[in-house]
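Enquirer: Given the structure of chain A, go ahead and fit chains B, C and D onto it with the hints provided.
Note that the protein sequences, when read in sequence, are chains A, B, C and D.
Take the first sequence: its letter number 52 is residue 52 in the UniProt record's numbering, and every next letter is one higher.
Take the second sequence: its letter number 155 is residue 155 in the UniProt record's numbering, and every next letter is one higher.
Take the third sequence: its letter number 264 is residue 264 in the UniProt record's numbering, and every next letter is one higher.
Take the fourth sequence: its letter number 116 is residue 116 in the UniProt record's numbering, and every next letter is one higher.
Hints are computed from structural coordinates only; laboratory data are not their basis.
Some hints could be false.
Taking lysine-lysine and the DSS-like style, the derived pairs with C-alpha atoms no more than 25 Å apart in a straight line are [what the hints assert, rightly or not]: (1) K56/B with K197/B; (2) K197/D with K56/B; (3) K72/C with K197/C; (4) K197/C with K56/A; (5) K56/B with K56/D; (6) K197/B with K197/A.
Number of protein chains: 4
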Amino acid sequence: MAGLVVIPDPTASDDRVEALVDALHGFGFDVHRTGGAAVVLGAMGVDADFDVRHIKVLPGVRDVVRITSPYKFAARTWHPDDTVVDVDGLAVGGAELVVMAGPCSVEGVDQIEASAAAVAATGAQILRGGAFKPRSSPYSFQGMGEEGLRILREAGDAHGLKVVTEVMTERQIDVVGRYAHVFQIGARNMQNFALLKEVGQAGLPVLLKRGMSATIEEWLMSAEYVLAEGNPDVILCERGIRTFETATRNTLDLSAVPVVKQLSHLPIIVDPSHGVGIRDKIGPMALAGVACGADGLMIETHPNPPEALSDGPQSLYLDAFDALMGRVRAVGAAVGRDVPEPRPAPVAEAA
Amino acid sequence: MAGLVVIPDPTASDDRVEALVDALHGFGFDVHRTGGAAVVLGAMGVDADFDVRHIKVLPGVRDVVRITSPYKFAARTWHPDDTVVDVDGLAVGGAELVVMAGPCSVEGVDQIEASAAAVAATGAQILRGGAFKPRSSPYSFQGMGEEGLRILREAGDAHGLKVVTEVMTERQIDVVGRYAHVFQIGARNMQNFALLKEVGQAGLPVLLKRGMSATIEEWLMSAEYVLAEGNPDVILCERGIRTFETATRNTLDLSAVPVVKQLSHLPIIVDPSHGVGIRDKIGPMALAGVACGADGLMIETHPNPPEALSDGPQSLYLDAFDALMGRVRAVGAAVGRDVPEPRPAPVAEAA
Amino acid sequence: MAGLVVIPDPTASDDRVEALVDALHGFGFDVHRTGGAAVVLGAMGVDADFDVRHIKVLPGVRDVVRITSPYKFAARTWHPDDTVVDVDGLAVGGAELVVMAGPCSVEGVDQIEASAAAVAATGAQILRGGAFKPRSSPYSFQGMGEEGLRILREAGDAHGLKVVTEVMTERQIDVVGRYAHVFQIGARNMQNFALLKEVGQAGLPVLLKRGMSATIEEWLMSAEYVLAEGNPDVILCERGIRTFETATRNTLDLSAVPVVKQLSHLPIIVDPSHGVGIRDKIGPMALAGVACGADGLMIETHPNPPEALSDGPQSLYLDAFDALMGRVRAVGAAVGRDVPEPRPAPVAEAA
Amino acid sequence: MAGLVVIPDPTASDDRVEALVDALHGFGFDVHRTGGAAVVLGAMGVDADFDVRHIKVLPGVRDVVRITSPYKFAARTWHPDDTVVDVDGLAVGGAELVVMAGPCSVEGVDQIEASAAAVAATGAQILRGGAFKPRSSPYSFQGMGEEGLRILREAGDAHGLKVVTEVMTERQIDVVGRYAHVFQIGARNMQNFALLKEVGQAGLPVLLKRGMSATIEEWLMSAEYVLAEGNPDVILCERGIRTFETATRNTLDLSAVPVVKQLSHLPIIVDPSHGVGIRDKIGPMALAGVACGADGLMIETHPNPPEALSDGPQSLYLDAFDALMGRVRAVGAAVGRDVPEPRPAPVAEAA
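The shape of chain A in the complex, shown without the other chains:
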């Protein structure tokens, strides 16, 4: 149900205001008006997605404000407690900070094995890696496909890591779903509504990246597409928005973290790698993400960044990632979040 407040022009005559009331009735609204010097009309009814511009274009209208949220399942109003997403036994959105790390693209067995071993050793819990890659150039590496998924999952299993990987189109849902613990929806697909609906039915948690030019409200509306299909397990991921500043690849909007925490009950993590796009700024922004209350981080790492087939320059060397995790642990502790301790490599590997 939609609720509107309609504000007539201060110069609108009584007849004009009456005509507005009639028009609102015509759309199916119940209408109440305030008395006093400042006449405003409260209108309630019809469908939640009513396009308020229908009223804005009427003569005598100064402004119209929607007073009901366009999203429902995503709103904290109706769901005051934090959602904790269960990723195959791992809690995302609880007391423990969750760190997802790994390369941009899956490139082969050795690269992923080295990545998984290093990621697991730091205490991070989820392995990332793309097998289907959205590239702005048709001439760029487009990913290994199912072979890459298989490699990723096997390495994850071997090192006790969950696996998150991107699904770009509905046609890939089946195959990606056979290997992933979490479906990642990329920034460019945040409003690919056909895809959102289908992942909403596919039975796995969804990591939903914010679109480059998406408002927080639009982002929550895209989450709503997934939630409305009956899938309650959505993790939001801030990864930078597009602004006029060109010193960084994007502008990481960390204030989205406290804003989302207020508007919604869904967990939110921060991806500083895409947010800044260049290696030496990632550490400071990862720490900032933890400090402002994010539930986790997603960080690109690579055993050999200069050889990476994609996003090498924004990937951390594995030892730099390990050092960063130490600082993440310190800042996490300062704001009351746990981060798992480093895990010594298994004996078999030390042999």
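Expert: Quick look at chains B, C and D alone, frame taken from chain A:
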């Protein structure tokens, strides 16, 4: 092939510069250096999509600039003459301005018949209307599907109009392709690369809307995805970008018209309806689009906007559209573009 | 007087809403509430500039909307007729389009004399040129000062042109006022409130450029600073806003023209030179400005752009400006605006 | 001295390239060219502020890149060590985090006395408060003027706090300089070049806020205006940039902190109050600022925010600020920064 210019830090030692040269060789580049006080390195080789950030992160580098265009088929450099797209016999990008008009969504036979008759009478050449609708809310009307496509095409045929309609996902390509003369790719899908590749193989012209936060270069890269599949018939459509200004739905970036005309040979049209998002600003911006050199316009019209199931408030009443076409004709003439004359309604309808 | 609508949270209890009413009374408002399912509070009173965030931060508040305009003298609501600014006998904002042209900076007698002669010959009515220059680098040419003002005014007088020039700080008001017909306030000074107040008392029309990141509302608030000092003669000038697009220097927001025409009675002109920042895009955008209803244009020209001390690359050659004026005249005629005919050079010069 | 790299069009003929070389010589440059397939021209000479668009508009030019920084005194290149600004004995930019707090506006003796006592008790070192206020509305409170400055300084002295306050125009420099330890230049004045020059000569440190739409390079250029006058004591302050997101007042660009640290030697602090504009988001963003490496914070506080004459809704209650300082201390420790301990109130006040 990629060409780079690498600019060392002014304080970089000779050894540092030599190390840069070695690194470039390591990536596979041929390297030449200028002499003189300002040492710069020219590097040529490897693949066109080489990620220049690989060089940016090296010690002693002040900046790196790509000197080859990341797109090839879309560039005017290699194709100096304007492309004229043949839409089933109608030329888009030639001397004659092409106007596409019709409702946001196909809602039924009567609505489309009234729209088509009115659109044809003004001299406009293409009927628009969506049967598959990308809506920011999952609770909004999602389109009539194939039934809508059939209605649209029949009305187009009856009134001598070509038909353009949106395809949202690869799965819809077959069905949309049976009815459309032009596939429309919406702004939210401008970087849905899987979709771009498949419409590139589907044998119909493509109308590619600019993404809300896409740079002109990224837009041309998305056109390149279609062109690289062997489909030369891409029509670009400027429809507004996202900025801080909230007085309009988007900010219509009309300077994109002369910029695209310089960088590319592809035709470009302007969609003022989505650009401003409110009825009374559409006319002035349509005229501005014609004045700055666009090859055509796309305008939302509706026989009864307050009843429209989508975008009614930014749809022109049919008589207002007719009046606007008169002004379009006048401005077109002032800048040397033809606009077809109004067509009297066929006798059968007058009877 | 401020008018607000306060929208309680849908889950707010009756006691919570009562507490809100009490809080509003505490700030000095009269409060009325709607009945029905959607309770909203209308509040009227206190000062027009009341900071609505005082209410937003109260518990139980979903949103607050200001229903009174923050500007008064600038609003069309209270002044429905267009303002026509009288620039020493020349009407700006009337039926005739007004064109201001000339170099970025005054550089010397010959440059200004050549500019003035050429500008006058095209039919343009106002000569522009800066004597005090705001430059982003402290090492750039900062202008000729009073000597430049004298040169500019003498050339204007000799060729029957009015003169507009920038004033950067209150200390320059006296000297600039002795030579100018119109004070120009630059984009970077749009919110230099001390300067706005003083030019509001200085007795000359003011050309107020839009700030690079100013919303239209903020721009009108800055006009209000001048109007509130008793100076009714403000001409607004759209010159491009800052966005993520880097293909042009700024993004010329032409939709500001119809938006301003609706919200305000003040005349508005367009400056395509700063809007796009590179010579070959200026002509198309000037025509677009005329087509969408601007009252005039401001265009940088130079007798020898490569030698210009500032903004040469965005200055038109004098013959290119002459040719553009022919096209401006054609588009102006198409939208019902007069543009003065070219004026043959006086006999003395032909001798 | 300016250094450029000029990149000819790949289709440019040898004659065309030779003409470019001649043109560069004509502007006064020394020119060197690379050999090989990718011809690029390196040009060195003339003045550092040469407008590169002069070359961009020449025929046969694909792109031009400036390879010398437009700022010199602000660049880390020539000044590798961090600058530590001495504010009357207090070091800004050293190991210790510096916190500036206090109300938006000075409103009276009691308000400032309460603020200063509370600020000092937390361990913060500098008292802020405006006596000359830039307000977007001419009808808003414009500040107490010199009386406010006197009140502010006396309270600072009484509680062992330094004092920072805004100077809006050159005319206020003398009076503000008599009371302040640091001149604050507000975001709206970041490119008020006349003001920058004069504070550069006034003998006090300058806190330079980033303009709402200023790139980091432009911000450093504005610092250069102050530095070039011989004043080395500039403290930068990130306070949010304007983007499309409306959930917060501005978008706090925390990545500016590591970017500035790389490009410049100047200290940088973060103002989360203006960055987010609403009370409950300020704490998280203050902690994020510390985590990413800022040298300090500026935070608005008020003994009674609902009664504040300006910015009350983004001012922290004094006890909330005290609590926040505890968390700042914890996060500071986690990233290796000291924050002074809380100071017990002096005995005299307890008496």
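Enquirer: For each hint, tell me whether it holds in the structure or not.
Expert: For each hint, the structure was consulted:
Our distance criterion of 25 Å between C-alpha atoms is broken by K56/B and K197/B, whose separation comes to about 31 Å. Annotation: proposed proximity of K197/D to K56/B is violated, straight-line Cα distance about 35 Å (limit 25 Å). Pair hint K72/C plus K197/C holds up; C-alpha atoms about 16 Å apart against a cutoff of 25 Å. The hinted pair formed by K197/C and K56/A fails the criterion: a straight-line CA distance of about 35 Å is larger than 25 Å.
Restraint check for K56/B and K56/D: the C-alpha separation of about 24 Å stays at or below 25 Å, so the hint holds. Using a Cα cut-off of 25 Å, the hinted pair K197/B and K197/A holds, with the two alpha carbons roughly 22 Å apart.
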